[in-house]
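Taken in sequence, the protein lines are chains Z and D. Its first residue numbered 5, the first sequence is counted upward by one per residue in this note's numbering. Its first residue numbered 5, the second sequence is counted upward by one per residue in this note's numbering.
Think of the hints as simulated: they come from the structure by calculation, not from any bench. Wrong hints could be hidden among the right ones.
To be verified - Within a straight-line C-alpha distance of at most 20 Å, the following computed DMTMM-like cross-link-like pairs (lysine to aspartate or glutamate) qualify:
hint, chain 1, residue 1, chain 2, residue 2
1, Z, K224, D, E299
2, D, K224, Z, E291
3, D, K193, Z, E236
4, Z, K80, Z, E94
5, Z, K224, D, D235
6, D, K267, D, E163
7, D, K157, D, E120
8, D, K19, D, E282
9, D, K224, Z, D128
10, D, K193, Z, E87
11, Z, K193, Z, D169
12, Z, K224, D, D175
13, D, K143, D, E311
14, Z, K193, Z, E236
15, Z, K224, D, E311
16, D, K267, Z, E87
17, D, K224, Z, E87
18, D, K19, D, E87
19, Z, K19, Z, E87
20, Z, K143, Z, D175
21, D, K19, D, E94
22, D, K267, Z, E45
23, D, K224, D, E282
24, Z, K267, D, D169
25, Z, K193, D, D235
26, D, K224, Z, E311
27, Z, K224, D, D306
28, D, K193, D, D169
29, D, K224, Z, D169
30, Z, K166, Z, D235
31, D, K193, D, D217
32, Z, K193, D, E299
33, Z, K267, D, E94
34, D, K193, D, D175
35, Z, K143, Z, D235
Stated by the list, open to error - Pair ranges (Cβ atoms, derived):
hint, chain 1, residue 1, chain 2, residue 2, range
36, D, H22, Z, E66, 36 to 46 Å
37, Z, Q25, D, A185, 17 to 27 Å
38, Z, R283, D, Y24, 20 to 30 Å
39, Z, K143, D, G156, 56 to 66 Å
40, Z, R72, D, H22, 34 to 44 Å
All C-beta atoms, glycine included, are put in the ideal place defined by N, C-alpha and C.
Listed below, chain by chain, are the residues.
There are 2 protein chains.
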Amino acid sequence: MSVLVVGTLAFDTIKTPHGYQERVLGGSATYFALAASYFTEVAVVGVVGEDFSAQHENVLRERGVDTRGIMRAAGKTFHWSGEYVDSMNEAKTNLTELNVLEDFQPQIPEGLRATEFLFLANIDPVLQSNVRRQMNGAKLVGGDTMNFWIAGKRAELAETLKAVDVLLINDGEAKMLGADASLPRAASKVLEMGPRAVVIKHGEYGATIFFRDGAFGVGKHPFRAPALPLDEVRDPTGAGDSFAGGFMGYIAAQGEITREVLKRAMFYGGVMGSFTVERFGPERLRELTRQEIDERFRTFRDLTHLE
Amino acid sequence: MSVLVVGTLAFDTIKTPHGYQERVLGGSATYFALAASYFTEVAVVGVVGEDFSAQHENVLRERGVDTRGIMRAAGKTFHWSGEYVDSMNEAKTNLTELNVLEDFQPQIPEGLRATEFLFLANIDPVLQSNVRRQMNGAKLVGGDTMNFWIAGKRAELAETLKAVDVLLINDGEAKMLGADASLPRAASKVLEMGPRAVVIKHGEYGATIFFRDGAFGVGKHPFRAPALPLDEVRDPTGAGDSFAGGFMGYIAAQGEITREVLKRAMFYGGVMGSFTVERFGPERLRELTRQEIDERFRTFRDLTHLE
Numbered sequence: 005m006s007v008l009v010v011g012t013l014a015f016d017t018i019k020t021p022h023g024y025q026e027r028v029l030g031g032s033a034t035y036f037a038l039a040a041s042y043f044t045e046v047a048v049v050g051v052v053g054e055d056f057s058a059q060h061e062n063v064l065r066e067r068g069v070d071t072r073g074i075m076r077a078a079g080k081t082f083h084w085s086g087e088y089v090d091s092m093n094e095a096k097t098n099l100t101e102l103n104v105l106e107d108f109q110p111q112i113p114e115g116l117r118a119t120e121f122l123f124l125a126n127i128d129p130v131l132q133s134n135v136r137r138q139m140n141g142a143k144l145v146g147g148d149t150m151n152f153w154i155a156g157k158r159a160e161l162a163e164t165l166k167a168v169d170v171l172l173i174n175d176g177e178a179k180m181l182g183a184d185a186s187l188p189r190a191a192s193k194v195l196e197m198g199p200r201a202v203v204i205k206h207g208e209y210g211a212t213i214f215f216r217d218g219a220f221g222v223g224k225h226p227f228r229a230p231a232l233p234l235d236e237v238r239d240p241t242g243a244g245d246s247f248a249g250g251f252m253g254y255i256a257a258q259g260e261i262t263r264e265v266l267k268r269a270m271f272y273g274g275v276m277g278s279f280t281v282e283r284f285g286p287e288r289l290r291e292l293t294r295q296e297i298d299e300r301f302r303t304f305r306d307l308t309h310l311e
Numbered sequence: 005m006s007v008l009v010v011g012t013l014a015f016d017t018i019k020t021p022h023g024y025q026e027r028v029l030g031g032s033a034t035y036f037a038l039a040a041s042y043f044t045e046v047a048v049v050g051v052v053g054e055d056f057s058a059q060h061e062n063v064l065r066e067r068g069v070d071t072r073g074i075m076r077a078a079g080k081t082f083h084w085s086g087e088y089v090d091s092m093n094e095a096k097t098n099l100t101e102l103n104v105l106e107d108f109q110p111q112i113p114e115g116l117r118a119t120e121f122l123f124l125a126n127i128d129p130v131l132q133s134n135v136r137r138q139m140n141g142a143k144l145v146g147g148d149t150m151n152f153w154i155a156g157k158r159a160e161l162a163e164t165l166k167a168v169d170v171l172l173i174n175d176g177e178a179k180m181l182g183a184d185a186s187l188p189r190a191a192s193k194v195l196e197m198g199p200r201a202v203v204i205k206h207g208e209y210g211a212t213i214f215f216r217d218g219a220f221g222v223g224k225h226p227f228r229a230p231a232l233p234l235d236e237v238r239d240p241t242g243a244g245d246s247f248a249g250g251f252m253g254y255i256a257a258q259g260e261i262t263r264e265v266l267k268r269a270m271f272y273g274g275v276m277g278s279f280t281v282e283r284f285g286p287e288r289l290r291e292l293t294r295q296e297i298d299e300r301f302r303t304f305r306d307l308t309h310l311e
């Protein structure tokens, strides 16, 4: 089965202790799609400006990504500029030029509306709800959000969350959304808002999935997947979206959605995130092999499993 | 086989969001010994003052801990006062009254010098080296330290580390000791200083053990154990020492020291830490059963293991 992602296509200007690069292809939909493309069919919906060339689009097409949902608007593509100073876990944003994103009204092409798996990457929750309505037959809906929407559009976000099955957010976002400094308690509160499961990403410490009682299986025991202790993180940009791509892509490729499938998906999410950070931008995601992915899956397993 | 711990016996005044308690029995040796006592024979070496009553000592003796290494000095017992404000991961120290600890010169009683397993809890590295020399037949030596010694007695600590097999420290201490902001790189640098393995504790995110190439087995693949996502952490005091007690106690109870034993010990360390934080002071460690411990071990396993 296939997965459709609605999110941003962007140019990123990134500074890390390992280098500086201007206007690299980026955006949540780009990282998600490239990561998911190793597992299943992927379609992208987003908006770009006149500076987004056929060469840029080819980065996605080379990986077999369906790009007919990419809308072209007058003006420039969304541009983000940020740097990683003290911590490789959090970026400091220097500049956000929304450009064509400002008037983005996502339209799902007719031929893509029956896509079984949907991922609502981090955009305005009003747009997320709008997309969700266009795809009301979706089998599983994943979503992301950020502090900006949690603070500024809490009511709209709450509306979106009612129709999201699995929300993927980081520690700070979970605590803010759940209004609780304890991560497990914050997770419980987020689950009361709608999602059947919430994946909380801990940066270099991995991620935990919390379930609503009985969701996708029995009980509500959480599950924790590691991140790889990497000597060298060159550029963390896109790690979270790559996680989401590996996570949703793996699930979409399975015959059923059981709790065991979701646990394995947590590992594949971590695996794809770990590849992304090895190079600047989405470079590493362009040239992986399924063999490399499965090898790293085994490394993640060895890192956490007793005999 | 049995384990001997040299560390502090203390009275702790603790404030957390869940309450306030004055002069609770505490100290690294206390938490370590109680946690280890569920796995193996334990002996304690430390110093107390005149205010340390038979009742206090009985907390250890009730768990079968050998207390003949507890020295009594004129004056008061070491007193620490601290609180957990924003984070349950790190205490803010309000008061440290060293008292009898100031002139502490640990002497290992003759009858305990042949103890096979030794844990050097967090005390002055000069004293740690001194103890290590008195027990030069030890089969495995674990150790702990803190920022205060890393900054103030780096040379003496380096000397101590040459004769420590497994060092247990937290993220901040590892980065400071290894002088590197990357945890895996910091771990490598710590391993170059002597230890064959280093356990880095990540608070609520668990802990990772890094090995020197070939130490206790083949290769140098790290291993990560989780912490339990607990809704309610009442008092984190002693969690790290309880981890060390579960870790060393489990190892001492096995026939051999393989890498698989060390991995399981990481889980038991996390298990004992998770019990400690459920109540104030060492209360929870006084009344556990081996059955409760093994049940929680299974919970830790379910939390991390794929089918």
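Evaluated hints:
1. K224(Z) x E299(D): holds (17 Å)
2. K224(D) x E291(Z): violated (27 Å)
3. K193(D) x E236(Z): Holds. K193(D) to E236(Z) sits at ~14 Å (cutoff 20 Å).
4. K80(Z) x E94(Z): violated (26 Å)
5. K224(Z) x D235(D): holds (13 Å)
6. K267(D) x E163(D): With Cα atoms ~27 Å apart, K267(D) and E163(D) exceed 20 Å; violated.
7. K157(D) x E120(D): violated (28 Å)
8. K19(D) x E282(D): Distance of about 14 Å is within 20 Å: holds.
9. K224(D) x D128(Z): Between K224(D) and D128(Z) the Cα gap is close to 45 Å, so the pair fails against 20 Å, i.e. violated.
10. K193(D) x E87(Z): Roughly 27 Å separates the two Cα atoms, so the pair is violated.
11. K193(Z) x D169(Z): Answer holds: K193(Z) to D169(Z) is near 15 Å, not above 20 Å.
12. K224(Z) x D175(D): violated (30 Å)
13. K143(D) x E311(D): Roughly 36 Å separates the two Cα atoms, so the pair is violated.
14. K193(Z) x E236(Z): Violated, because 36 Å separates the two Cα atoms, which is more than 20 Å.
15. K224(Z) x E311(D): holds (17 Å)
16. K267(D) x E87(Z): Violated: K267(D) and E87(Z) sit about 37 Å apart, past 20 Å.
17. K224(D) x E87(Z): violated (32 Å)
18. K19(D) x E87(D): holds (4 Å)
19. K19(Z) x E87(Z): Judged against 20 Å, a Cα distance of about 4 Å means the pair holds.
20. K143(Z) x D175(Z): Outside the cut-off at roughly 27 Å; violated.
21. K19(D) x E94(D): holds (12 Å)
22. K267(D) x E45(Z): The given pair, whose Cα atoms are some 39 Å apart, is violated under the 20 Å limit.
23. K224(D) x E282(D): Violated, at roughly 34 Å.
24. K267(Z) x D169(D): violated (35 Å)
25. K193(Z) x D235(D): Given that 20 Å is the threshold and the Cα spacing comes to 12 Å, the pair holds.
26. K224(D) x E311(Z): holds (17 Å)
27. K224(Z) x D306(D): Between K224(Z) and D306(D) the Cα gap is close to 12 Å, so the pair holds against 20 Å.
28. K193(D) x D169(D): Satisfied, since the Cα-Cα distance of roughly 15 Å is no more than 20 Å.
29. K224(D) x D169(Z): At roughly 39 Å apart (the allowed maximum being 20 Å), D169(Z) and K224(D) break the hint.
30. K166(Z) x D235(Z): violated (40 Å)
31. K193(D) x D217(D): Cα-Cα ~13 Å, so holds.
32. K193(Z) x E299(D): violated (27 Å)
33. K267(Z) x E94(D): Between K267(Z) and E94(D) the Cα gap is close to 30 Å, so the pair fails against 20 Å, i.e. violated.
34. K193(D) x D175(D): holds (14 Å)
35. K143(Z) x D235(Z): violated (39 Å)
36. H22(D) x E66(Z): 36 to 46 Å: Violated, at about 55 Å.
37. Q25(Z) x A185(D): 17 to 27 Å: holds (21 Å)
38. R283(Z) x Y24(D): 20 to 30 Å: violated (51 Å)
39. K143(Z) x G156(D): 56 to 66 Å: Cβ of K143(Z) to Cβ of G156(D): about 60 Å, so the range 56 to 66 Å holds.
40. R72(Z) x H22(D): 34 to 44 Å: For R72(Z) and H22(D) the Cβ distance comes to about 56 Å; the hint is violated.
In summary, the structure is inconsistent with hints 2, 4, 6, 7, 9, 10, 12, 13, 14, 16, 17, 20, 22, 23, 24, 29, 30, 32, 33, 35, 36, 38, 40 from the numbered list given earlier, while agreeing with the others.
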